[in-house]
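**Q** Required output: the full structure, derived from the provided sequences and hints.
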Amino acid sequence: MLARTRLTTTLAALTLALAACGGAADDASSDATDASAPPDAEMPGGDPPGDGAAPGGGASGEVDTGTGAYLLSDGETVDGGTYASVGDDENAIRAEGAITAALAGVTVEKTGGDASSSDASSFYGLNAAVLALDGADLTIDGGTVTATAEGANGVFAYGATITIVDTVIDVSGGNAGGIEVAGGGTLYATDLTVDATVKAAIRSDRGGGTLVVDGGTYRTSGSSGAPAIYSTADISVTDATLTAEDSEAVVVEGLNSVTLNDGDVTGDMDGTYGDSSGENVHNVMLYQSMSGDAEEGTSSFTMTGGTLTSLNGDMFYVTNTDCVITLSGVALTLADGTDLLVVAGNDGARGWGTAGANGGVAEVDLGGQTAVGDITVDEISQLSLSLANGSDYTGAINSDGTAAEALSVAIDGTSTWTLTGDSHVTALTGSLDGVDLNGFSLYVDGEAVTP
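In the working numbering, the protein residues as written are -11 to 439.
Hints should not be assumed to be uniformly reliable.
[What the hints assert, rightly or not] Cβ-Cβ distance ranges computed for the label pairs, FRET-style: (1) E283 <-> G356: 26 to 34 Å; (2) E283 <-> D227: 25 to 33 Å; (3) G401 <-> A319: 18 to 26 Å; (4) G434 <-> G280: 37 to 45 Å; (5) G68 <-> T406: 53 to 61 Å; (6) G85 <-> G325: 52 to 60 Å; (7) D388 <-> E284: 26 to 34 Å; (8) L420 <-> T321: 27 to 35 Å; (9) L420 <-> A319: 23 to 31 Å; (10) S61 <-> D335: 48 to 56 Å; (11) L59 <-> T321: 45 to 53 Å; (12) D252 <-> G172: 29 to 37 Å.
Keep in mind that the hints were calculated from the coordinates and are not lab data.
For glycine and all other residues, C-beta sits at the position ideal for the given N, C-alpha and C.
**A** In structure tokens:
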């Protein structure tokens, strides 16, 4: 695996560096003050980051990353000690430029000092507790990172590479999440414990990048804008526990991806399911915000093995984007009275396209997958559903008779579909032997069919 291969090489280098350097660091700043802010994210899937200012906080839109209380030098290894920051727009520890550096068992505290621009804190790592940028290669082994200040993300790779293992990260400041990549950054995380209260535990922002997670526990609480994962990058997670206590579990925006393997994922999005507010309550959302933070294109969610649990709302919600959802061997648990999948437009109030022209286009591929729950596709949306390799789907599709823009189902000879209500599709291909009407009617392009 890429993460483990890189980690092994990096830790070997770290061991040699520790033997050569040794020594402990002293507290790098004055006493901390608590500048935490209450949760400020209300948008399902997390507010698009930003305070209305140009990125970087200025009219020119220049990159603003602020300063660092402690600047790492090339070849430096810091072993133990506490490094803190209470300054505005200041990282507690910063690795910048074409350097290689390491932290071992270090305590990092960003407990004061606000970010002057929420855009810059989200896009560039302004005010983050730990920031690596502009080609730096930083290794973090063990230790803790605590961030309570406004805009203080925990560990941030902006156009740089971070390899981090066995570290505890606790983030509670406004507009801030746990581990993040942006600007093409790369972050390899192994066996972390991450808690965040306002933004995602695992997140990315403008410019994307790559984030590879292996093992660990990632939890969010306190905000409907704090999913366990928010992706505007390529994010893969293996053998980890992901929990969003007040938000959907996963959000993928635009031309980006989330790949999950053998983990346990749970979301409990705040909100009343089925109300008439125009907001959808869900567990996994694929969408395009139109904020400019993610390139438009096909979103991707892939999960193999593990568990995916929704404690409130539909399991999957697709709006204002094209997407591919691929499931294989996942144990799905839906909240009572909710749908397996909703592909639909939205009211446009949040800028997610124009109402009436912002439907979703979804390709859903089930391979060796059992799935239960209804599917709804509205009149401006499309779905192609494939059941293959021994998949079993139980549910109704557009049971109210809604005519989707396009809605096709393909069933191979090893798979089955058991109806739980009258269903309406525009095309049906493959073996009809696997269709069990179960006392209901199946309409294909308006005509009732009999297997």
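**Q** For every hint, state whether the structure bears it out.
**A** So, going through the hints one by one against the coordinates:
The hint said 26 to 34 Å for the Cβ distance between E283 and G356, and at roughly 32 Å that hint holds. About 30 Å separates the C-beta atoms of E283 and D227, a value consistent with the hinted range of 25 to 33 Å. Hint check: G401 to A319, Cβ distance near 25 Å, so the stated range 18 to 26 Å holds. In this structure the hint that G434 and G280 lie 37 to 45 Å apart at CB holds, the actual value being about 41 Å.
Take G68 and T406: their Cβ atoms lie about 60 Å apart, and the range 53 to 61 Å holds. Range check, G85 to G325: about 55 Å between beta-carbon atoms, so the 52 to 60 Å window is met. The given range of 26 to 34 Å is respected by D388 and E284, whose C-beta atoms sit roughly 31 Å from each other. A beta carbon spacing of about 30 Å between L420 and T321 agrees with the range 27 to 35 Å that was offered as a hint.
Here the CB-CB span from L420 to A319 is close to 28 Å, well matched to the stated 23 to 31 Å. At about 53 Å, the beta-carbon gap between S61 and D335 stays in the expected band of 48 to 56 Å. Distance hint for L59 and T321: a CB-CB separation of about 48 Å, consistent with the stated range 45 to 53 Å. Between D252 and G172 the beta carbons are some 30 Å apart, a value that agrees with the proposed interval 29 to 37 Å.
Figure legend: structure checked against the earlier numbered hints; every hint is met.
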